[in-house]
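Visitor: These protein sequences, in sequence, are chains C and D. My numbering applies: residue 1 is where the first sequence begins, and numbers increase by one. My numbering applies: residue 1001 is where the second sequence begins, and numbers increase by one.
Read the hints as simulated data drawn from the structure, not as lab findings. Cβ atoms here follow ideal geometry from the backbone N, Cα and C, with glycine treated the same way. Any given hint could be a false lead.
As the list claims (entries may be wrong) - Over 12 Å on every C-beta distance to chain C, these chain D residues come out as not near it, computed from the model: (1) G1040; (2) F1042; (3) V1043; (4) P1045; (5) V1071; (6) R1074; (7) R1075; (8) V1091; (9) L1108; (10) F1109.
As the list claims (entries may be wrong) - Below, a sample of chain D positions facing chain C; criterion: calculated Cβ distance under 10 Å: (11) A1027; (12) G1031; (13) L1036; (14) P1103.
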Amino acid sequence: MTLFTTGSLWTMFHGLVLGGGVLFGFSAAMYCMWSVRADNHNDASARRRCTHLGRLTILIAAMLWVIVFIGTYVNYPAYRVTPPEGTTDLSAYPRALLRANPDTAWLHSFALEFKEHAGWIAAILMTGVAFVINRYHTALLTKPPVFNITAGFVLVGFVITAIVGLLGVFVNKVAPII
Amino acid sequence: MNQQDRSLSTLTNGAAAAALVAAAFGACAMGLIVLLNEVGVFVAPTLYAPAGGVSGRTTIAVAVWLIAWVVLHRRWHDQDLNMRNVVMAAVVLILLGVAGTFPPLWGLFG
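Given the sequences, and given the hints that come with them, work out the whole structure.
Guide: And the structure:
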């Protein structure tokens, strides 16, 4: 038995490496925004943290784009392969495997269907955030309404990414791509 | 007032508003395209056959987002907008977008 197949490696890279990494990135960005929110924009420490935050949000947005592209164009095609007529062992056909059992059908009809598109929303939102944080830098600290809505976008992006990631874990637990 | 303070005071919030509202609009576009696809009103073309319709739906939504960003940025980048209205628009658009991708709601329109 092969320990790692090409499909499983792509799944791990998509979910564990990039998905896990981006959630760490979100945590760091949220902490950074919280810690810098009341600082004076002229403060050297605030300037340094805004620079870090800017780079971090670019990294988060880039990782989210790589995640959705791999998910859509590498993992999803392998997931949705239709089994040949008469196939009884569906383990190599994750979508068919999930749909064949009423207890797991929701993992396709709800989890995968939601995952398929919601991840793209997080990537779009975080690209907007990365633009705002890098364009405004410490000026963001002089504009609390802009700072607050940007922080809100980060929180929304984090929640969507976490939910999408969790649903991916459920799907992969029952019907992994092999 | 030093040079940095002057540049901060002249930096309007319009570019931020444009980026954030456009992103929320992109999210809404994603939800709307998915919903219209599920109720059979609009079927996005498949751009990559192995991935199926999702390739077309996501590509269209991303295109809508980028166009919205360019248009809004050109209109707002030198203006100071009421961020209260920006927040309201963003919240409504994101909620609509996420709702559109939420499978249990598709049945309500089908």
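Visitor: So, for every hint listed, does it hold in this structure?
Guide: Hint-by-hint comparison with the structure:
no., hint, verdict
1, G1040, "15 Å, holds"
2, F1042, "14 Å, holds"
3, V1043, "15 Å, holds"
4, P1045, "15 Å, holds"
5, V1071, "14 Å, holds"
6, R1074, "15 Å, holds"
7, R1075, "16 Å, holds"
8, V1091, "8 Å, violated"
9, L1108, "15 Å, holds"
10, F1109, "15 Å, holds"
11, A1027, "4 Å, holds"
12, G1031, "8 Å, holds"
13, L1036, "12 Å, violated"
14, P1103, "5 Å, holds"
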